[in-house]
Structures are given as C-alpha cells and as structure tokens.
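Based on the provided sequences and hints, a complete structural model is requested.
Respectively, the protein sequence lines represent chains C and P.
Taken in order, the first sequence gives residues 1 to 378; the numbers are from UniProt numbering.
Taken in order, the second sequence gives residues 1 to 378; the numbers are from UniProt numbering.
Bear in mind the hints are in silico, worked out from the structure with no lab data behind them.
Treat the hints with caution; some may be incorrect.
What the hints assert, rightly or not - Computed far set for chain P versus chain C, every beta-carbon distance over 12 Å:
hint, residue
1, Leu84
2, Glu95
3, Glu375
As the list claims (entries may be wrong) - Far from chain C, by Cβ distances over 10 Å, these chain P residues were calculated:
hint, residue
4, Ile93
5, Ile158
6, Ser309
What the hints assert, rightly or not - As a list, the in silico PhoX-like pairs of lysine-lysine whose alpha-carbon atoms are at most 25 Å apart:
hint, chain 1, residue 1, chain 2, residue 2
7, C, Lys272, P, Lys190
8, P, Lys117, P, Lys164
9, P, Lys296, C, Lys272
10, C, Lys77, C, Lys117
11, C, Lys272, P, Lys272
12, P, Lys272, C, Lys190
13, C, Lys159, C, Lys118
14, C, Lys333, P, Lys232
15, P, Lys224, C, Lys224
16, C, Lys260, C, Lys190
17, P, Lys272, C, Lys296
18, P, Lys77, P, Lys89
Yeah, the Cβ is synthetic: ideal placement off N, Cα and C, and Gly gets one too.
There are 2 protein chains.
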Amino acid sequence: MQAAAYHNHRTSSTFLARGGRNSSKNRSGNFTVRMGLKEDGPSLAVVGVTGAVGQEFLHVLSDRDFPYRSIRMLASKRSAGNHLTFEDKEYIIEELNEDSFGGIDIALFSAGGSISKKFGPVAVSQGCIVIDNSSAFRMEEGVPLIIPEVNPQAMDHIKLGSGKGALIANPNCSTIICLMAATPLHRHAKVIRMVVSTYQAASGAGAAAMEELELQTREVLEGKEPTCKIFKQQYAFNLFSHNAPVLSNGYNEEEMKLVKETRKIWNDMNVKVTATCIRVPVMRAHAESVNLQFEKPLDEDSAREILRSAAGVVVIDERDSNHFPTPLEVSNKDDVAVGRIRQDVSQDGYYGLDIFVCGDQIRKGAALNAIQIAELAL
Amino acid sequence: MQAAAYHNHRTSSTFLARGGRNSSKNRSGNFTVRMGLKEDGPSLAVVGVTGAVGQEFLHVLSDRDFPYRSIRMLASKRSAGNHLTFEDKEYIIEELNEDSFGGIDIALFSAGGSISKKFGPVAVSQGCIVIDNSSAFRMEEGVPLIIPEVNPQAMDHIKLGSGKGALIANPNCSTIICLMAATPLHRHAKVIRMVVSTYQAASGAGAAAMEELELQTREVLEGKEPTCKIFKQQYAFNLFSHNAPVLSNGYNEEEMKLVKETRKIWNDMNVKVTATCIRVPVMRAHAESVNLQFEKPLDEDSAREILRSAAGVVVIDERDSNHFPTPLEVSNKDDVAVGRIRQDVSQDGYYGLDIFVCGDQIRKGAALNAIQIAELAL
Numbered sequence: 001m002q003a004a005a006y007h008n009h010r011t012s013s014t015f016l017a018r019g020g021r022n023s024s025k026n027r028s029g030n031f032t033v034r035m036g037l038k039e040d041g042p043s044l045a046v047v048g049v050t051g052a053v054g055q056e057f058l059h060v061l062s063d064r065d066f067p068y069r070s071i072r073m074l075a076s077k078r079s080a081g082n083h084l085t086f087e088d089k090e091y092i093i094e095e096l097n098e099d100s101f102g103g104i105d106i107a108l109f110s111a112g113g114s115i116s117k118k119f120g121p122v123a124v125s126q127g128c129i130v131i132d133n134s135s136a137f138r139m140e141e142g143v144p145l146i147i148p149e150v151n152p153q154a155m156d157h158i159k160l161g162s163g164k165g166a167l168i169a170n171p172n173c174s175t176i177i178c179l180m181a182a183t184p185l186h187r188h189a190k191v192i193r194m195v196v197s198t199y200q201a202a203s204g205a206g207a208a209a210m211e212e213l214e215l216q217t218r219e220v221l222e223g224k225e226p227t228c229k230i231f232k233q234q235y236a237f238n239l240f241s242h243n244a245p246v247l248s249n250g251y252n253e254e255e256m257k258l259v260k261e262t263r264k265i266w267n268d269m270n271v272k273v274t275a276t277c278i279r280v281p282v283m284r285a286h287a288e289s290v291n292l293q294f295e296k297p298l299d300e301d302s303a304r305e306i307l308r309s310a311a312g313v314v315v316i317d318e319r320d321s322n323h324f325p326t327p328l329e330v331s332n333k334d335d336v337a338v339g340r341i342r343q344d345v346s347q348d349g350y351y352g353l354d355i356f357v358c359g360d361q362i363r364k365g366a367a368l369n370a371i372q373i374a375e376l377a378l
Numbered sequence: 001m002q003a004a005a006y007h008n009h010r011t012s013s014t015f016l017a018r019g020g021r022n023s024s025k026n027r028s029g030n031f032t033v034r035m036g037l038k039e040d041g042p043s044l045a046v047v048g049v050t051g052a053v054g055q056e057f058l059h060v061l062s063d064r065d066f067p068y069r070s071i072r073m074l075a076s077k078r079s080a081g082n083h084l085t086f087e088d089k090e091y092i093i094e095e096l097n098e099d100s101f102g103g104i105d106i107a108l109f110s111a112g113g114s115i116s117k118k119f120g121p122v123a124v125s126q127g128c129i130v131i132d133n134s135s136a137f138r139m140e141e142g143v144p145l146i147i148p149e150v151n152p153q154a155m156d157h158i159k160l161g162s163g164k165g166a167l168i169a170n171p172n173c174s175t176i177i178c179l180m181a182a183t184p185l186h187r188h189a190k191v192i193r194m195v196v197s198t199y200q201a202a203s204g205a206g207a208a209a210m211e212e213l214e215l216q217t218r219e220v221l222e223g224k225e226p227t228c229k230i231f232k233q234q235y236a237f238n239l240f241s242h243n244a245p246v247l248s249n250g251y252n253e254e255e256m257k258l259v260k261e262t263r264k265i266w267n268d269m270n271v272k273v274t275a276t277c278i279r280v281p282v283m284r285a286h287a288e289s290v291n292l293q294f295e296k297p298l299d300e301d302s303a304r305e306i307l308r309s310a311a312g313v314v315v316i317d318e319r320d321s322n323h324f325p326t327p328l329e330v331s332n333k334d335d336v337a338v339g340r341i342r343q344d345v346s347q348d349g350y351y352g353l354d355i356f357v358c359g360d361q362i363r364k365g366a367a368l369n370a371i372q373i374a375e376l377a378l
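This is how it looks when you write it as structure tokens:
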C-alpha cells in the first residue's frame, strides 16, 4: 500500500526540484503554512544555509512542523546580508563567526568539514547541541553517529534543556541509505558481510554539481565540449569512480565511510563491509546494490515482511511488472525504497540476500536525518 | 602505456557515435580503405544488418581487415531493397528467408532470439558457420559459447572449409565484459565466488533505446514529459533495474545470464555468481563492479600485473589522479578497461579483490567478439 504513494510525482521536473525556493511554499504546491514558530520552541541556527543541504534543512523543518522560537541563518561572508524568506518571515543571512551561537539551542551544520571543525566545538562550548552533516567528527569516540531508525539509543544521554552542549554526527548519505534497509534484516539475522556498489547522484557533491550535470548535458546534446569545473571529467551520459580521495588501501574515502560508519552505527566491530562507490548522472537520489551475508538463515519472504514493517522504509518489489525502486521515484521523498529482494544464488541455503535500495540523498541522506536527530533531542 | 591511448577521443560526440553511417569511412575520419575484399576469403552474411550490432559488424570487419569474397546484407522485409555502401561497394539489403544461406560460409546473426531460432539451424544445415549474438542457443549443450581470449579451445573442432555447418554462440555483453577481466585472475587464483553489480548502457536495448535516451534527455531539459516507448519509465537522469523479465527466483534474465554463462565459459559448474543488473543513462558502454573471492591468495599488485599482460584488457588504475575506467573512455574501443583493483577489506588475507570494469557494449560486448570468433574459425 505504501508503494502506491510512489507512483505520483513522475513529472519530468521532479528530479530537478531542489532546495532554494526560499519561500514557505511547500513542494506539493500547497500554500498552507504549517508554522513551526513557537514561543517555547528551541532557538535554531542553520550553518551553511545557502547550500543544497542547508536549503533542504529549511524545507524539512517546515514539512515536519519542527518547533522553533527563532532561526539564525548562517553562511559565509559571500552570502551574508542577503535576504531569505522562510515560513512568511524575512531573515537576513549572517556571516558565521565565533559569536554566532550565543543563545542557540540547536545548530544544524552543513558547510563542509573544515567549518564544522572550526565552529562545531565553539557552539558546543556555548551549550549548543550541534548536529553536524560533515564527516569531521563522525568517527570520533564519544560523538554519537546516529540514524534515528537504527541507533537512537546512542544519543539517549543528549537532551535539550540539560544546559550541556553536545555534538552529534549525521552519517554519510550512502551509509544512511544502505543501513535503513540493511538494519531491519541485521536485527533478525545478523549481517556478517556486506558487498555494496553505489550509484550516486550529483547532489552529494552539492548544488553546483547538479548544475554542472545539467549544463554538461545541454552542451553534449548541442555537440559542444562539456564544461568540467566541479568534476574533472565528463559527467553527462557517463559515470565514474567517486571523486573522493583514494586512500593507500585503494578504497576512496566515500567507500571507507560505508565500511567504518557501519561498524560504529551497528556497534559491531566485526561486521565486514566492502564498497565500490560510483557517481552516476542522476540528480538527487542514490541507489545501492547490496549483497548481504547473514549469520542466521533469512528467507526472502521473511525479509520482505521485515522491510515492509520497518520505519522509514518502503518496499517496491513488483516482479511481474518489473517495478522496483528508482532514484527518480524516491526524489523529494522521505522514505528509503527497497526492492529486488531475492535469495542470493551464490550462497548456500538461506544465508544470503541481494537487495537494491534507493533514497533521496539530500533528504534522508542528509537534511531529514539531521532533523530527525534534532527531534530525538527535544 | 596502453592507457594513454584512452585519453584521446574525449569529444562530446564520441559517445553518440554509433554504427549506421553506411559508408566506408571509418570512425577516425580517415578515408583510406583497408579492403578485406579478397577472392579467396569466405562468403559472409550479416543477419540484422540494419541494427546497432549489425552496423557494428560492418565497422569491425572493416577495421580488422577481415577477409571476405562477398557479403550478403540481410534484414527484415521492412529494410529489404534499401541500399548500403560498404568499403566502396554498393549492396542491396535482402530480406532474410530460408534461401538466404546458399553458398554462405559464415553468417553473423544479430536480429533477436526468434530469428536465430528460426534461421540459425537452416543456415547450419546448409554448411554455414553461424555466429549468433542472441541468447537462443547459448546454454544449449554442444553449442560452444566463446570469448576468444577466454575459451578459444571450446571451438577447436570448428573450422571453415570442413564442409560442416556449426553454430557458435556469442555470450551476453555483461558476461563478456566481466569475464575479460575476471578470467586472467581466475586462471591464477581460481574464482570461487563473484558478486557483480552492473551499470548498463542504452545500447544493450538497441539503437532505438539510445535514441530514446537522447530524446528523453532533451525533453526533460525542456521541462516536457519524457517519451517512454522502449522503456516504460523515465530513463533520462534516472536508472532502473534491467528491463529483462524477472524469473521466479527474483533474478532477471540478464542476471542469470551472468550466472549461467560464466559456468559454461569457464567450464566450472561450481563457480558461484550473483548479479544485480541496472540500466544507467549512458549510451554504449557497460560498467561493472565486481567483487571476487579466490581459492588461492592473490595480492592486488600481482592482480594488476596479470591484468596488464592480459590480451584485450587495458588497466586504468591511477589512484593519485583518481583516474579509473569510465564508459565514455572505452566507447568505440576494442579493449575492456579495468581499474579500482584493490584487496577486498571484507575478506581475510589475500583471498578477495574488488575491481571495476568498463567495456563497449556494442563492440567487445557484441560485434567485435563475434568477429573474433569468426577469425578463430578461419
């Protein structure tokens, strides 16, 4: 039944829709404002508010009716002074500095790792709960790395109003999307090994990368040389190994995030993960082919039932009509979609499954997950 | 050194270049004709000459200077009567029928499984060596399934001039591209399990699918509803599970080809393979993420050396510059490119490797492989 909702929004413009509308109009075209502005709500700060994830923070806050008594819109010097309308109220974007966090209860960071490293601890020292979308603190001991549907207990000790600052890390987008589907199965049969191949969207590299993909595609169709600024090679009608730096073991950083973050989130240092991360010419949703090996047997029908009842997951697995998750169908959606659920023919008995997962990179892969973390702290 | 050749041909039009020029001009723009027309060459027939692979047959015959004394150009009734120029000689396309194979030594079939089933045995009964690009006979006992670099010995008994007809099957494109890279490693350390995720181009569904991807992309960029004729869903800026029918075990036919054809080509009924086949918005080259598990240890440096000296394989594995194989770089190329060669961190010791492979689907994935088979029969 849930899957039916995914059949809508198939217009060609859906995938191009992204944050940046700077208005209270929500994406369904409905102007009814669900105002989260409340006297007794926390004071918020959004760091990196002009970016793709920063803009999505605002959309998600609005969509979820997140309570707040004030929001400070923070960005770099370049954007400071610009105006921004959110939920019918006008804001002036302020330049991020060490004094930005006075009186702020919750700060949502998405302005890159170096900004988080510099200003995250400053905010925490002023009693702020920082939810950081960068990789700066994810693997640091004592910093909870949270997917609310997966390991909310790891931040049980952090509550708004305790007067104590804290830093919580938002996992990498590929990790979130993968574990949203793998965790319910892991709880039942314990995943011992996972082989992941990703199909990652432009949005993971920011709004400029999405624009470059669009521009390049136009250029290629016109027979022109494609403009390569964000990526060093043609992206339109092409794909390439993820642009993250390659480490000495031959894995790139994006892949090692999947390896290491999974261990931390599952609190299981023995789970074996390998990943190959590839950028594909898709706008804002990631797909992942995930091969699972279990300690205990798990048949595909049970797996499907487990996933159907998992929070934040929608099963799209219609073999007869060849209807399975696609990036386009999950774009601008909250749920992670999973399909192609089948017993792995390369593993004996019922110890292996193959699944295919899609999730909106900007939303559940970043902004939504961060705001769900904030909700846990309320 | 080989990799350097891959740096050229990066114009935006490269990926769109495809068969169908109907002239003797080769793709480098050079009009010098390497004429394969020879009195003592075999007589050829190309079945499905107007299709993407049929056209590529002609390109490859020309590029490789394949000897022939005549070529019969065969297609459906719709194309019959049309003219076609090949190596400075004009041909009239003939309608395929039961009398098409009189006096033909070698017939290259690429007109779909039902045409192969109907006319393949007819041609064989008339003493013709049929090289069939469809899946019709691949798994049939006694029909060699050949990748010339991998298992040429399986067709040792088939030689032109013996007077006996024979049928040889060309493997599925994904299988060819995967095994071009996996086989040299298999020979050294014996692959016991392989987990494959594919990133497949439009060309695998024919020239019309390539045109649909191009048309849809234009439409989406113009804000129009995309035309869905070949595929039932939006392909532009999207990806989806391969359109092959899904079988009762949940795998689609494309995936089971990888599973079954690998066993037959390696003559190893015990090798375990699982695959997830995904169509991505790329024109004519497939990519595959391949996770390998070996019986004997194999370190990544040895693997790289083995692949560097493998016929028909080029290694592109430059970690510092993040330069690895891409579909665009292998488009219109003969060699299969392999990179991202690394020891799998999810397997103990040296028993696992991850690799990433790209190959031109129309060329090595179909036409080139078929003509290499024909060369073996000469």
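Hint-by-hint comparison with the structure:
1. For leucine 84(P), the shortest C-beta to C-beta distance to chain C comes to about 26 Å, beyond the 12 Å cut-off, and the non-interface label holds.
2. Against chain C, the non-interface label of glutamate 95(P) holds: every CB pair exceeds 12 Å, the least being about 33 Å.
3. For glutamate 375(P), the requirement that its beta carbon stay farther than 12 Å from each beta carbon of chain C is met, with the minimum near 31 Å.
4. Every Cβ of chain C is farther than 10 Å from the Cβ of isoleucine 93(P); the closest lies at roughly 30 Å, confirming the non-interface assignment.
5. The claim that isoleucine 158(P) lies off the interface holds: its Cβ sits roughly 32 Å from the closest Cβ of chain C, which is beyond the 10 Å cut-off.
6. Residue placement check: serine 309(P) keeps its beta carbon more than 10 Å from all beta carbons of chain C (closest about 20 Å).
7. Taking the CA atoms of lysine 272(C) and lysine 190(P), the gap is about 22 Å. The hint holds against a cut of 25 Å.
8. The straight-line distance between the Cα atoms of lysine 117(P) and lysine 164(P) is roughly 19 Å, inside the 25 Å bound, and the hint therefore holds.
9. Using a Cα cut-off of 25 Å, the hinted pair lysine 296(P) and lysine 272(C) holds, with the two alpha carbons roughly 20 Å apart.
10. For the given pair, lysine 77(C) sits about 18 Å from lysine 117(C) by alpha-carbon distance, which is consistent with the 25 Å threshold.
11. Distance hint between lysine 272(C) and lysine 272(P) is fulfilled; the C-alpha atoms sit about 19 Å from each other, no more than 25 Å.
12. Of the supplied pair hints, the one linking lysine 272(P) and lysine 190(C) holds, its CA atoms being roughly 22 Å apart against a limit of 25 Å.
13. Taken as a hint, the lysine 159(C) and lysine 118(C) pair is honoured in the structure, with Cα atoms around 23 Å apart against an allowance of 25 Å.
14. Only pairs whose Cα atoms come within 25 Å are accepted, and lysine 333(C) paired with lysine 232(P) is accepted, the gap being roughly 21 Å.
15. Under the criterion of a C-alpha separation no larger than 25 Å, the hint pairing lysine 224(P) with lysine 224(C) is consistent with the structure, at around 22 Å.
16. As the CA atoms of lysine 260(C) and lysine 190(C) are separated by approximately 17 Å, the hinted pair is consistent with the 25 Å bound.
17. This hinted pair checks out: lysine 272(P) and lysine 296(C) have alpha carbons roughly 20 Å apart, not beyond 25 Å.
18. Taking the CA atoms of lysine 77(P) and lysine 89(P), the gap is about 22 Å. The hint holds against a cut of 25 Å.
Every hint from the earlier list agrees with this structure, and none is contradicted.
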